[in-house]
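Undergrad: Order-wise, the sequence lines are chains A and B. Per the numbering used here, the first sequence runs over residues 1 to 116. Per the numbering used here, the second sequence runs over residues 1 to 110.
Since the hints were made in silico from the structure, they are not lab data. Quantities reported herein were computed from a predicted structural model and do not represent experimental measurements. Virtual Cβ for every residue (Gly too), placed ideally from N, Cα, C. Some hints here could point you the wrong way.
Quick partial rundown of chain A residues pointing at chain B, CB under 7 Å, derived from the structure [claimed, not checked]: (1) L55; (2) F65; (3) E68; (4) L91; (5) G108; (6) G110.
Chain B stretches covered by chain A per the calculated footprint, using a threshold of three residues with CB under 8 Å from any CB of chain A [unchecked claim]: (7) 44-52; (8) 96-103.
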Amino acid sequence: GAGVSQSPRYKVAKRGQDVALRCDPISGHVSLFWYQQALGQGPEFLTYFQNEAQLDKSGLPSDRFFAERPEGSVSTLKIQRTQQEDSAVYLCASSYAGTGAVQPQHFGDGTRLSIL
Amino acid sequence: DAKTTQPPSMDCAEGRAANLPCNHSTISGNEYVYWYRQIHSQGPQYIIHGLKNNETNEMASLIITEDRKSSTLILPHATLRDTAVYYCIVVFFGNEKLTFGTGTRLTIIP
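Produce the entire structure from the sequences given, and follow the hints as far as they go.
TA: What follows is the structure, encoded as structure tokens:
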């Protein structure tokens, strides 16, 4: 389809393992966002890319969280040395425009991460 | 970004209009009102947005008061598939990140 695609849909990892979550945005979308959603809460902003540039990473909870978008399309969110509090749904969104425009964000269905 | 206040839950009968209120009394002139919804186990879905004029699209209507301190999202003929959490979000022009609150859980009753 033409929407935002995230993989895997579900990920189970043991505490201390590293995980990588992938996001394929809508083709041609300049902006890409990552959000974290804990159970029963609204999504919370993690980081924002405009093309390959990471313009805002103020929401990343610790230096164990790292995101990249090397060619300005696909993005990967990596979590090192996972902890139980990292268990959440990780949502990716993309939008057509860059800074200075207000465009709707289109979300994927997320990756549900469970840390045992 | 301005803070929003929404009722935690609402019910609406199937086929009736669902009116979801949002208070954003500290909104500034450069801030837009956006509405998203999230159906269970899915990502948020964009519904509509506006600055100061009322807006309508194929999904809903957005009514913004003249002083811009509150707004109402209207789903004209609610169906069971409209059961979701609805988020009202104020977005500052040039600051693209969304700040979600806890939203309104709308339940459509058959």
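Undergrad: Flag every earlier hint the structure violates by its number, smallest first.
TA: 1, 2 and 3
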